[in-house]
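Novice: Going from the sequence shown to the working numbering is simple: count from 1 and add 173.
I should point out that these hints are in silico values taken from the structure, not numbers from a laboratory.
We put the CB at the ideal spot given by N, CA and C, even for glycine.
Heads up, some of the hints might be wrong.
[What the hints assert, rightly or not] Listed below are the simulated DMTMM-like cross-link pairs for lysine to aspartate or glutamate, each with C-alpha atoms no more than 25 Å apart in a straight line: (1) Lys323 with Glu244; (2) Lys291 with Glu251; (3) Lys323 with Glu220; (4) Lys323 with Glu251; (5) Lys323 with Glu265; (6) Lys323 with Glu247; (7) Lys291 with Glu220; (8) Lys217 with Glu265.
[Unchecked claim] Restraint-style ranges between C-beta atoms, simulated for each label pair: (9) Lys291 with Glu258: 49 to 59 Å; (10) Glu258 with Phe231: 13 to 23 Å; (11) Val215 with Ser269: 10 to 20 Å.
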Amino acid sequence: YTLSLHDALPILINTVYLHLVLSHIPVMGVFFGIMLLITAGVMKSNELKRFALGFFIFIAIASLAVYFTGESAEESVEHLPWVNESLIERHEQWASISVVSAGILGVLSAGGLLITRKSGNMPAWFLSGFMVLSIVAGGLIGRTANLGGKIRHAEIGPDSQVTAINDLKSNHRHHEDDD
Numbered sequence: 174y175t176l177s178l179h180d181a182l183p184i185l186i187n188t189v190y191l192h193l194v195l196s197h198i199p200v201m202g203v204f205f206g207i208m209l210l211i212t213a214g215v216m217k218s219n220e221l222k223r224f225a226l227g228f229f230i231f232i233a234i235a236s237l238a239v240y241f242t243g244e245s246a247e248e249s250v251e252h253l254p255w256v257n258e259s260l261i262e263r264h265e266q267w268a269s270i271s272v273v274s275a276g277i278l279g280v281l282s283a284g285g286l287l288i289t290r291k292s293g294n295m296p297a298w299f300l301s302g303f304m305v306l307s308i309v310a311g312g313l314i315g316r317t318a319n320l321g322g323k324i325r326h327a328e329i330g331p332d333s334q335v336t337a338i339n340d341l342k343s344n345h346r347h348h349e350d351d352d
């Protein structure tokens, strides 16, 4: 099957889909960025440190894209019967905090790149402080993503194990009745 542009266009312009796809970039990106910083520190590679800072700028920009697609994604799903408005509101509140934290990382990354532009050396205090902030921002972004997932994925909620066990029992009973 070949997907034509006509068939693909609704997928491409669907803001919910776009929001969901983009939301993975900051979550995975912060983790990847932290791993880059750790590797750069262990290898004592200023080039890799600079690359990692540039990568955090990319994460900040991606976070803005995720944030700004969130409102239209909400408008697309808020009328659906399975949507819990309070979950959307909690996700939205955490998203505001997360986008600010990603923005701070982006600005500090740009500052770090400016600091190292001439000498090429990144001060240890900067790298240490940045690492702590990136871990905090990663936690905030992860929490935001978790709350966003709960909007549609009930299996990641606090009762998920109970629900899964009840579903298995129900399916087992259903199959016994068929015999």
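Novice: Each hint should be assessed against the structure and marked as holding or not.
Specialist: Hints, verified against the model:
Among the hinted pairs, Lys323 with Glu244 is consistent with the structure: their alpha-carbon atoms are about 17 Å apart, no more than 25 Å. Using a Cα cut-off of 25 Å, the hinted pair Lys291 and Glu251 is violated, with the two alpha carbons roughly 51 Å apart. Of the supplied pair hints, the one linking Lys323 and Glu220 is violated, its CA atoms being roughly 39 Å apart against a limit of 25 Å. Taken as a hint, the Lys323 and Glu251 pair is honoured in the structure, with Cα atoms around 14 Å apart against an allowance of 25 Å.
Restraint check for Lys323 and Glu265: the C-alpha separation of about 12 Å stays at or below 25 Å, so the hint holds. For the suggested pair Lys323 and Glu247, the alpha carbons sit about 14 Å apart, so the restraint of at most 25 Å is met. Distance restraint check for Lys291 and Glu220: the Cα-Cα separation of roughly 13 Å lies within the 25 Å cut-off, and the hinted pair is therefore satisfied. Distance check on the hinted pair: Lys217 and Glu265 sit about 39 Å apart at the alpha-carbon level, beyond 25 Å; violated.
As the Cβ distance of Lys291 to Glu258 is approximately 52 Å, the hint placing it in 49 to 59 Å holds. Between Glu258 and Phe231 the beta carbon distance is about 33 Å. The supplied range of 13 to 23 Å is therefore violated. Evaluation of the 10 to 20 Å hint for Val215 and Ser269 yields a failure: the beta carbon distance comes to about 35 Å.
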